[in-house]
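Visitor: One letter stands for each residue in the lines below.
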Amino acid sequence: MKRLMSGNAAAGEAAVLAGCTCYFGYPITPQNELTEYMAKRIPEIGGVFIQSESEIAAINMVLGASVAGARAMTSSSGPGISLKQEGISYLAADELPAVILNMVRGGPGMGNISPAQSDYLQATRGGGHGDYRTIVLAPSSVQEIADLMPLAFDLAEKYRNPVVVLGDGMLGQMMEPVSFDHITRGETYPKDYILTGAKGRASRMVRSLLFDVKEEEEHNWKLSRKYQRIEQNEVRYETYLIEDAKMVVVAYGTSARIAKGAIARLRQENLKVGMIRPVTLWPFPAKIIQEAAKQIPDFFVFEMSAGQLIEDVRLALEGKGHVHFYGRPGGIIPTPVELYRIISRHYYQAERSRKS
Amino acid sequence: MKKVYSRPRSLKETHFHYCPGCGHAIVNRLLAEVVDEMDLRDTAICVAPAGCGMLVYNYFDIDTLESAHGRGAAVATGIKRVRPENLVFSYQGDGDLAAIGTAESFHAANRGELITVIFVNNGVYGMTGGQMAPTTVIDQVTTTTPGGRASDQAGHPVRMCEVLAVLDGTSYLERVAVNKPAAIVAAKKAIIKAFQHQLNRTGFSMVEVLSPCPTNWKMGPIEACKWIDDVMTKHFPLGVVKEVKC
Ligand SMILES: Cc1ncc(C[n+]2csc(CCOP(=O)(O)OP(=O)(O)O)c2C)c(N)n1
Ligand code: SF4
Ligand SMILES: [Mg+2]
Chain A
147 MKRLMSGNAA AGEAAVLAGC TCYFGYPITP QNELTEYMAK RIPEIGGVFI QSESEIAAIN
207 MVLGASVAGA RAMTSSSGPG ISLKQEGISY LAADELPAVI LNMVRGGPGM GNISPAQSDY
267 LQATRGGGHG DYRTIVLAPS SVQEIADLMP LAFDLAEKYR NPVVVLGDGM LGQMMEPVSF
327 DHITRGETYP KDYILTGAKG RASRMVRSLL FDVKEEEEHN WKLSRKYQRI EQNEVRYETY
387 LIEDAKMVVV AYGTSARIAK GAIARLRQEN LKVGMIRPVT LWPFPAKIIQ EAAKQIPDFF
447 VFEMSAGQLI EDVRLALEGK GHVHFYGRPG GIIPTPVELY RIISRHYYQA ERSRKS
Chain B
27 MKKVYSRPRS LKETHFHYCP GCGHAIVNRL LAEVVDEMDL RDTAICVAPA GCGMLVYNYF
87 DIDTLESAHG RGAAVATGIK RVRPENLVFS YQGDGDLAAI GTAESFHAAN RGELITVIFV
147 NNGVYGMTGG QMAPTTVIDQ VTTTTPGGRA SDQAGHPVRM CEVLAVLDGT SYLERVAVNK
207 PAAIVAAKKA IIKAFQHQLN RTGFSMVEVL SPCPTNWKMG PIEACKWIDD VMTKHFPLGV
267 VKEVKC
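Taken in order, these protein sequences are the chains called A and B.
Every number in this note's numbering is 146 more than the matching position in the first sequence, counting from 1.
Every number in this note's numbering is 26 more than the matching position in the second sequence, counting from 1.
Worth double-checking, as some hints may not be accurate.
Claimed, not checked - Counterexamples of contact, computed for chain B against chain A with all Cβ distances above 12 Å:
(1) Y31
(2) A99
(3) I141
(4) A176
(5) S177
(6) T228
Claimed, not checked - If the Cβ cut is set under 8 Å, some of the chain A residues that face chain B in the computed set are:
(7) G210
(8) G215
(9) A216
(10) Y236
(11) M320
(12) M321
(13) L341
(14) S349
(15) R350
Claimed, not checked - Below, a sample of chain B positions facing chain A; criterion: calculated Cβ distance under 8 Å:
(16) I88
(17) G104
(18) T241
What the hints contain is simulated information worked out from the structure, not anything from laboratory work.
Glycine is no exception: its CB is placed at the ideal position from the N, C-alpha and C atoms.
Just need the whole structure built from these sequences, with the hints factored in.
Guide: As structure tokens, then:
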């Protein structure tokens, strides 16, 4: 059965179906519908909902709930996510699972409340202090938000690491039909690290302070090996019409939706344009881009920022291929027609320069 | 022969790292004694701070989480809400609780979270080398108030028990000291009371402990204990600040 729901509400419903019992959050547009949904939904399952005094408090409540063994999440947007970075760094250091949803808005600073993709680097580079990474999932529809929530909780527990779901104001606030029929609580993972009271066993400590530099280095290498495993096993992406493509758009989330609209027009005019859509922004689908570069000379990065995803595309290409770019920062939502015009111009220019 | 003094079960067999004459060691021991005597080791979960008390997990033989600086009350909230049957207490210094963590402490208290805060007030930032704390008394010399704390420039010492007392969520707030035997006995009684309030689900409980930091006060241990009586208690009067029926 399909229900018409906003991305924010769908994220909440899917999280609950995926076994999330604790939600902590502080109001910020454009993700308030999620906090409000959880205020109603979480009590129905006897879970914990707290409207916290700040995003800092919320992420630390998530940490407490996680170390106590629960599936816990928080959500916010730009300014609030910045405040959560302290806690995300601690979650990564303590190796505790958690899900953090960011419905990105225009920034920097207070910015505005329109959809943007300007938190890409913050999300994919750890975001807080220290040598760590978060897994980053980027849905591009309300249905995909719902589909990715159980995966987010599973990956968080499987690797004992915070997982960021990176949406934007558009995905959060638009309503689409969504089905939850297939959404269930995923795997169960051993919880031999949680704090329950030391009854019948040795006491446990969960900490990130490692005064001994050798111990801290070893801990960092341990995390690093874990991140390598994640890079090997958890890359996810979608390809769209790349088989015969002469130019490939790389775009995620809302931009990928807009790009599909543009590509449909471009194809009508017989311009061979396809798309690679990263679903995991970290680990980044570098391999498929490298593979594609063997046949395809031109890559067109499109994002709702002044240029962040483009860094990963360049890193993946290692100097191969030509990288084209179109970005609209500040909360602007480009139209498919606008993008179609830009891409076709780049396409013809690239064709001319290949011939000459 | 009757054994009258031994290591509490909830204290690991190791040496404290604290400076000679430091109050943290006494508070650690009192907590372990209380956990034993109230038979709470199986369910106790401690939240450690950033500060000299942060290594409590090396001493307490109970489940312990180290929180970020000042976030103890928020983390403890998360734990307690998931595990209401456990005894959850946070251990925090004055910088941790009353400067960087004021919002988390205040709102956990206001929500009446069923946690206990053990608040070690030593009037300085011990761990980072003796800078001014929110509880530094007027005219007290610290590394960041070299001429003594001047209220027009650096504000006034914060009385957290009194601040939290106005909140309806708090049920038990007492200020004690660990500078002499009688005071230490009273401190232990206060911790027991606070835990009882948590177990009876009455509300948020906190014990503020005036605690010597001879190193950063630049005093000998005995002089430091005397300074608590002579100076500190004038700003921070001892006793029960709030107690609702438990
Ligand atoms: C975000 C952050 N800022 C600063 C520090 C450095 N720091 C560690 S402990 C501390 C102050 C400790 O003072 P207090 O809470 O009074 O505890 P004490 O050492 O006196 O027992 C500070 C500033 C930190 N760990 N994290
Ligand atoms: S610096 Fe002060 S508070 Fe820290 S261990 Fe030494 S005496 Fe105790
Ligand atoms: Mg202090």
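Visitor: Against each hint, give a clear statement of whether it holds in the structure.
Guide: The hints, checked one at a time:
1. Interface exclusion of Y31 of chain B from chain A stands, the closest Cβ pair being 23 Å apart, more than 12 Å.
2. The non-interface label for A99 of chain B is inconsistent with chain A: the shortest C-beta to C-beta separation is roughly 8 Å, within 12 Å.
3. The claim that I141 of chain B is not at the interface with chain A is violated, since a C-beta of that chain comes within 12 Å of its own (minimum 10 Å).
4. At the 12 Å boundary, the C-beta of A176 of chain B stays outside the reach of chain A, the nearest C-beta of that chain being 30 Å off.
5. Non-interface call for S177 of chain B relative to chain A: holds, since the shortest CB-CB distance, roughly 27 Å, exceeds 12 Å.
6. No Cβ of chain A comes within 12 Å of the Cβ of T228 of chain B; the nearest lies about 20 Å off, and the non-interface call holds.
7. Restraint check, G210 of chain A versus chain B: the minimum CB separation of about 2 Å is within 8 Å; hint holds.
8. The interface hint given for G215 of chain A holds, since its Cβ lies 7 Å from the closest Cβ of chain B, which is under the 8 Å cut-off.
9. A hinted interface residue such as A216 of chain A counts as satisfied when its beta carbon comes closer than 8 Å to some beta carbon of chain B; here the least separation is about 5 Å, so the hint holds.
10. The beta carbon of Y236 of chain A comes within 5 Å of a beta carbon in chain B, closer than 8 Å, and the hint placing it at the interface holds.
11. Taking 8 Å as the C-beta cut-off, the interface hint given for M320 of chain A is violated, the closest approach to chain B being about 32 Å.
12. Evaluation of the M321 of chain A hint against chain B yields a violated restraint, the C-beta minimum of about 32 Å exceeding 8 Å.
13. With its C-beta approaching chain B no nearer than about 4 Å, L341 of chain A sits inside the 8 Å limit, and its interface hint holds.
14. Residue-level restraint check for S349 of chain A holds (minimum Cβ-Cβ distance to chain B is 5 Å; threshold 8 Å).
15. Interface restraint check: R350 of chain A against chain B, minimum CB-CB distance 5 Å, threshold 8 Å, status holds.
16. Residue-level restraint check for I88 of chain B holds (minimum Cβ-Cβ distance to chain A is 5 Å; threshold 8 Å).
17. For G104 of chain B, the interface hint holds, since its Cβ comes within 8 Å of a Cβ in chain A; the closest pair sits about 2 Å apart.
18. Checking T241 of chain B against chain A: minimum C-beta separation of about 18 Å lies over 8 Å; hint violated.
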